[in-house]
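Chains as they are written, first to last, in the working numbering: chain H, 1 to 412; chain L, 1001 to 1234.
Because the hints were derived from the structure by calculation, they are not lab data.
Even for Gly, the Cβ is constructed at its ideal location relative to N, Cα and C.
One thing to keep in mind: the hints can contain errors.
As the list claims (entries may be wrong) - EDC-like, lysine to aspartate or glutamate: derived pairs with alpha carbons at most 20 Å apart: (1) H:311 x L:1117; (2) L:1098 x H:308; (3) L:1083 x L:1202; (4) L:1005 x L:1032; (5) H:404 x L:1190; (6) H:404 x L:1058; (7) H:230 x H:97; (8) L:1076 x H:407; (9) L:1029 x L:1190; (10) H:102 x H:241; (11) L:1075 x L:1056; (12) H:311 x H:407; (13) H:188 x H:162; (14) L:1132 x L:1117; (15) L:1116 x H:308; (16) L:1098 x H:72; (17) L:1111 x H:8; (18) H:19 x L:1141; (19) H:404 x L:1074.
As the list claims (entries may be wrong) - Not close to chain L: a few residues of chain H, all C-beta gaps over 10 Å, as computed: (20) 203; (21) 205; (22) 236; (23) 277; (24) 297; (25) 315; (26) 319; (27) 359; (28) 404; (29) 406.
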Amino acid sequence: MKFLFDSDTWQEIYGGIRKNKTRTIITIIGVLWGIFLLVVLLGAARGMENNFKNLFGDFATNSVFVWAQRTDKPFKGFQKGRRVRLTTNDVEVLKNEYDQIKFLAPRSQTNSTITNGFKSGDFNVNGDYPVLDQVQKKELVYGRFLNDNDIKLKSKVCVIEEEIYKQLFEKNENPIGQYVIISNINYKVVGVYKSGNIDFDGQATYIPFTTFQQVYNRANRIGWMMITAKDGYDIKQLETDIKLTLKNLHKVDPEDERAFGSFNMAVEIGKITGFLTGMQFLTWFVGIATLIAGVFAIGNILLITVKERTKEIGIRRAIGATPASVRQQVILESVFLTTIAGMLGIVFGGIILFIMDSTVGSGPDPTLLNPTVSITIVLIAFLVLAILGTLIGLIPAYMATLVKPIEALRDE
Amino acid sequence: MIRIKNLHKSYPIGKDSLHVLKGIDLHIKEGEFVSIMGSSGSGKSTLLNIVGLLDEHDAGDYHLNGQLIKNLNEKKAAVLRNKFLGFVFQSFNLISYKTALENVALPLYYKGMGRKERQRIALEYLDKVGLKDWASHLPNELSGGQKQRVAIARALVTKPKVVLADEPTGALDSTTTDSVMDLLKDINDEGMTVFVITHEEEVAAQTKRVVRLKDGVIISDSADASVGVKSEAI
């Protein structure tokens, strides 16, 4: 391996490469293009993934939403088509029965006109527990979210969405402590939040769950519940179990698929993750295939070069070059070209990723968030490239050793 | 220095084989200046290739510097060429993208000599052939005669035992031919064995011993009187 650190070896290679600039450039472009594509595609795929992660970031992804509908099967003397309703009792039973539950947020929902002075609009009004903030992180612009005290005191307070604030208040007006009228009752605004990229509630106003139940006369009936599983538990299994418990509580046929509806976040996100995995596979496939094509181009061109340089190789042999030294030179040329091309490809790829980042990668709604390629992957790609360069260089190197000095010198 | 006994060489041509060398006996002592004369097809180039370890003989014995040449692999041949032989070709065979100095220094590179020493020695030899000022020029910036002198410097740089010249003046005009021959004479005067192949009478006339080859056999040898030498041990 000593020859690798010998400046003479590199002098020889430099001479050989400089001799034919066109072929050097064309050779380099082949591999450069391959690794460039790999870097850019991987970066873009990562950007896309980051973007999705960001969209779901504020959301407890191992969550399931459960609500009640009408039964589909007669059971224990009940006719089919019976209306089932979730109750606060169900919430207590589930909380006691399932250790796997991290959060359980019951909710009741209605639609109402909200008025502030002369301004008004129709919005969703949700009765919620403070725990909602942990299932669906609320980014507060002003004030606070609902708290346990509000629940206990059945306070007439509300947290409104930023758009609602804009519609009901003057610009830059401080809404905290002001009163808005919802269904003819005054509520004090305690907070303004900004809805995230993915928000199932849309532009909603939150009031304490207990207040909601009383004001809208819901007694113990609730609209639906959001359940988040503790880390490490299978949310899909939990969903099935909970629905069975609910069917038991409400005297519904265990086979009845319609009585309770549910929406499993994990399953939905799984679909997107699957898509991302597919994208990544495609990226790797395309990138590596292009890279291999590029390396083969190098091998091909070196093979032609060996033919072209038959005479030179013959001269070198006549003045004392051993077959090993000829082979070594051709292989090193191959490795040198591939690694130089690889480095350039990585640099250009990096520049493109940088441009991507500064154009579509930032702002409030980026297409590709933080498109990057990890150094490890780049280094591995680089190493693979060097190895491929060596392997492909073996073919022309072998051809070069077959050159007989006498035939080469006769070749006029 | 070079001792050849009953050397045979044939090349396959299709189904037949062409018998080029038909039993050559030749003994060249150290310090001789020998020319091999012959028309094209007489086998003189084949003889040079075998002597120069660029080709293998079919039958007979060949001793170079007392060493029997037999079943050489490419690596051994390369080492021996580098150690004992210097080549001068008709078409110069300089490497086009290397300067005169680099061309001269190349055999030393394959010998494994350090860069600085290599360059110093190469420059010394360029000076010897009168081209010190042209050291940094590429071959295509040199005249034919200059190129051949660079090639001679390259052949000499490893201090070989024998310089083998294949039609060294074949591509040169008469003036430069003379200057190249003068150079070869000077080298010989310093004690180097020089082995020239030519078909030009004027060139052969300047050597000390002329061996004429025709159809693969030696037809005359100006040192014939020294036949007795052949039987002498080296």
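>> Name the hints, by number, that the structure is in violation of.
In response: 1, 3, 5, 15, 16, 25, 26, 28 and 29
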